[in-house]
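Novice: These are the residues of each chain, in order.
Number of protein chains: 2
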Amino acid sequence: MNIPELAYEAIRQAIAEAGIEKKDIDLVVAGYVGGWSSEGLAPVVVMEYAGLTGKPSYRIEAACSTGSAAIKTAYDAVSSGQADIALVFGVEKMNESPTPTVVEFIGRAGNYFWEFENFGLTFPGYYALYATAYMSKYGATEEDLCRVAVKNHYYASMNPKAQFPRKITLEQCMQSRYIAWPLKLFDCSPITDGAAAIVLASEDVAEKLTDSPVWIEAIGAATGTSNLSRRDQFTSLNAATLAAKMAYKKAGIDPDNPAKYIDVAEVHDCFTIAEILAYEDLGFARRGEGYKLIREEQTYIGGKIPVNLSGGLKAKGHPLAATGVSMAAELAHQLLGKVEKGRQAPIKNGRALAHNVGGTGHYTYVTIYSLEKPRAP
Amino acid sequence: MNIPELAYEAIRQAIAEAGIEKKDIDLVVAGYVGGWSSEGLAPVVVMEYAGLTGKPSYRIEAACSTGSAAIKTAYDAVSSGQADIALVFGVEKMNESPTPTVVEFIGRAGNYFWEFENFGLTFPGYYALYATAYMSKYGATEEDLCRVAVKNHYYASMNPKAQFPRKITLEQCMQSRYIAWPLKLFDCSPITDGAAAIVLASEDVAEKLTDSPVWIEAIGAATGTSNLSRRDQFTSLNAATLAAKMAYKKAGIDPDNPAKYIDVAEVHDCFTIAEILAYEDLGFARRGEGYKLIREEQTYIGGKIPVNLSGGLKAKGHPLAATGVSMAAELAHQLLGKVEKGRQAPIKNGRALAHNVGGTGHYTYVTIYSLEKPRAP
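Keeping their order, the protein sequence lines are chains F and W.
All you need for our numbering is the position in the first sequence, starting with 1, plus 992.
All you need for our numbering is the position in the second sequence, starting with 1, plus 992.
Wrong hints could be hidden among the right ones.
[As the list claims (entries may be wrong)] Estimated spans, in silico, between C-beta atoms of each pair:
no., chain 1, residue 1, chain 2, residue 2, range
1, F, Lys1015, W, Ser1221, 17 to 27 angstroms
2, F, Asp1016, W, Arg1278, 31 to 41 angstroms
3, W, Pro1092, F, Glu1364, 54 to 64 angstroms
Rather than coming from a laboratory, the hints here were simulated on the basis of the structure.
Heads up, the beta-carbon is just placed ideally off N, CA and C, and yes, glycines get one too.
Turn these sequences into a full structure, and let the hints steer you where they fit.
Specialist: As structure tokens, then:
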């Protein structure tokens, strides 16, 4: 499949599920980090292939949080009255890399001239810095990291859309080769070709289209320093903490106990350590206690708050710009009780959370989805 | 200057002119086509350099209309109530090209695999196709194209921010070498390093900050086919016609006589033929009569509608993503009577228009700026 074919597969499903026709779409927001081909304007080629030429459009990029940033701009367009129906898609074809390795290409998304060129840092290395700092400060172990991978592969095994729909054991993870100590092969999300798409509609239109809309209740977003040397610590992502605070405030969620309000979360587990940091940055666990949450299986179904029931970036796959959009699709399906048996979260509060990180916290978006219509802002 | 330095020079001026402090900014929208350096997340480096780390942000790309697309998403964020104050910047450093020539790099922004790889089309070639079709159908001459360059250089000569602040003669243009027949050197916009920034504020905040706000009255946007072989004609840009229609409808402007409502326009003269097509796509002239407008000097000050008093892309310069943002800055200054003597348009209706094209009409944005507060949509 080429990029337009990949994207259209998702666009087609989203349009069908929303029960709209292409002519109803007022705005198309393309999420695409790109660089996988020499095609300069891949989103325009997608638009033509998908029969959407003519519609207003632009491309969004915010590194690995591109999908959530795209949703944010579509949300703003719809809620400001500039569009009644917006289509958001994210697509990447990462298996065709312009540089010798994808790891090199993505490594440029830190601070290139200082950290990549001078010190050779790539993303496994960046997150290994966070992992060693965290393990050293709080006593988490390599087994704790692997427990995240085991959980996410377990749920991926029930997700037919996952890149790696199979279980792994703790031993398999522990025996896998080091990529950047202490991160091993099974601590790392894969290189993925993939796409995702969703349809956003205004209040009036949504209520005509369906009896069971899923609402965007709040979006929080923040950025971090380009240089990691300018960060004050390596045991949390400042941008994620800021974005969560903003989203909780808008949604009226107690930041000290968000798990009381939220039924299920998709978090950005590009590396297993990132999921543990996310537990703490989102307030699911206290500082330094995130690793206990996975050790005690509190992020499985039946625990305090189920996380990454899709399989996460780790096992569902991580096609950069598609990731945030796929989180939205997954959480909408979760809230509506539409996912496969065995990985369906019990829905009590009717709220779900997506946590999507670009770079190593260079960008972060936290989005709250709800079955209940939000109060006017 | 490197990219963050270029960007900050514009950001600094915009913040000062708006009378705000950095802490007041709720959202930063980065316009950046990029590819000029190996830096993966140049906008994040700009954020850090400019002291804006922490703010919500994302990057917008819509080829050469990136700046206007960035303004559109900031406008949506502000008008939806998600931000009170948004900063939009656009920056490029085109003199550092990743491919043997900038022309090759930009050439990829057509339809790469079909048109660039197979037929070797680059942007001078694309616009030459439009020029020959137009000249053949309507009888415009190479002199008519050069007249656009002469006008734009004339106004650039009074603009201290122009890349080429000097007049040229019709003879100079006619004697310049062919780049892609019938387009000569002086028919082409240059390769530019540059930046632009503006501040958008909500109604309430704007009225506190200033007694003379400039309002965004309407934005129209549309896309065109990726493949030029799928276009039905080569004498106008369909996307531009659609975007203009949308903007005029929202602003209540008669599409048959927009010059009656608009005091001054900045249009996308990446090549001189593009300005003539713009006259017609925007309804300033009837189909096939755009070249007469410039022949009769109707787009000089004192004519039917003054166009590109900044010098346009042609002579002010065309740093891709900065272009749409600089159009906004220029038109705000025009409406407020703040530009240099000799290139200040007479302001009667208090309305100005920006026309910004990405690719060869792959994206188009038409934005109407107004001194009068727009009616609620």
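Novice: Find the hints from earlier in the document that the structure breaks and name them by number, from lowest to highest.
Specialist: Of the numbered hints, all hold.
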